[in-house]
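Enquirer: Spelled out from the first residue to the last, the chains are:
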Amino acid sequence: MMMAQRGTGDSRTPFYFALVQVGLDIVLNPLLIMGIGPFPKMGIAGSATATLVAQTITLAVMLIHLYRQRSILVVRPADWRC
Amino acid sequence: MGPIGKTLITFALPVLGSNILQSLNGSANAFWVSRVLGEAGLTATNNANQIFFMMLGAAFGVTMAANIMIGQAIGARDEALAKKVVGTATTFFIAISVLIGVAGGTLTPHILDAMRTPPDARADAIAYLRVIFAAIPFMYFFNS
Numbered sequence: 000m001m002m003a004q005r006g007t008g009d010s011r012t013p014f015y016f017a018l019v020q021v022g023l024d025i026v027l028n029p030l031l032i033m034g035i036g037p038f039p040k041m042g043i044a045g046s047a048t049a050t051l052v053a054q055t056i057t058l059a060v061m062l063i064h065l066y067r068q069r070s071i072l073v074v075r076p077a078d079w080r081c
Numbered sequence: 000m001g002p003i004g005k006t007l008i009t010f011a012l013p014v015l016g017s018n019i020l021q022s023l024n025g026s027a028n029a030f031w032v033s034r035v036l037g038e039a040g041l042t043a044t045n046n047a048n049q050i051f052f053m054m055l056g057a058a059f060g061v062t063m064a065a066n067i068m069i070g071q072a073i074g075a076r077d078e079a080l081a082k083k084v085v086g087t088a089t090t091f092f093i094a095i096s097v098l099i100g101v102a103g104g105t106l107t108p109h110i111l112d113a114m115r116t117p118p119d120a121r122a123d124a125i126a127y128l129r130v131i132f133a134a135i136p137f138m139y140f141f142n143s
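These protein sequences, in sequence, are chains A and B. Just so we're aligned, residue 0 is where the first sequence starts under numbering that gives the first Met the number 0, counting upward by one. Just so we're aligned, residue 0 is where the second sequence starts under numbering that gives the first Met the number 0, counting upward by one.
Okay, chain A solo, but in the shape it has when bound (with noise of 0.2 Å):
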């Protein structure tokens, strides 16, 4: 969705988004690779974990605010009809 989002024209709401995702994995690294706090000590693997639960919460919001703005982006249920 960041690629397709600057194919419509808009590169600046990618670029948030970017903050957003970078920012979570960036923070969540450590956080799961020792174990610091509530978080499983999951070593190499926490690394990677870190990546995906970065990603997937950016892109879960990033759709919450696509299909707020009515983008083109999203496929809503009236549009199955054709």
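Hints in this document: simulated from the structure, not taken from any laboratory. Certain hints may be false.
[Said to hold, decoys possible] To be clear about the criterion: a stretch of chain B counts as covered by chain A if any three or more of its residues have a C-beta under 8 Å from a C-beta of chain A, and this derived list gives those stretches: (1) 9–16; (2) 39–46; (3) 126–137.
Keep in mind the model is a prediction, meaning the values are calculated, not measured. The beta-carbon is built from N, C-alpha and C at its ideal position, and this holds for glycine as well.
With chain A's structure known, arrange chain B on it following the hints.
Expert: What follows is chain B alone, placed relative to chain A:
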């Protein structure tokens, strides 16, 4: 429309910024992996990421084609066509990303062997890639 140069630069700057952020992200992750898990861990994530990007790179070419078609439809103010491309592309990419995830999951040990990944990094690379390939449908959807 306005001047081409100014439009191009204001469009390109956020793209450049996003790329810088991704590099920063890679460096920060490499820092923590090497600090906590040492040399073998860093070798493992580097080898693993090469496989990951090889799998994604092939599919991203098709994503680019779909995005060009969306751009053209929007430029021609043909909303129905744009919607059609979005619908077809979404279905196609969800299917293909699941396939890539399954293929990656099963082929990973063989690819690592073909790449001559050092034995002490091999187990870590497999543990790392197992999570990445499970995540591929989401990561692919996010990045495309």
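Enquirer: Verify this for me: three or more residues of the stretch 39–46 of chain B with a beta carbon less than 8 Å from a beta carbon of chain A.
Expert: Since 3 is at least three, the answer is holds.
Enquirer: When I compare C-beta atoms, does the stretch 126–137 of chain B have three or more residues closer than 8 Å to chain A?
Expert: holds (count 9)
Enquirer: Given as covered by chain A, does the stretch 9–16 of chain B meet the bar of three residues or more with CB within less than 8 Å?
Expert: holds (count 6)
Going through the hint list in order, the structure satisfies each hint without exception.
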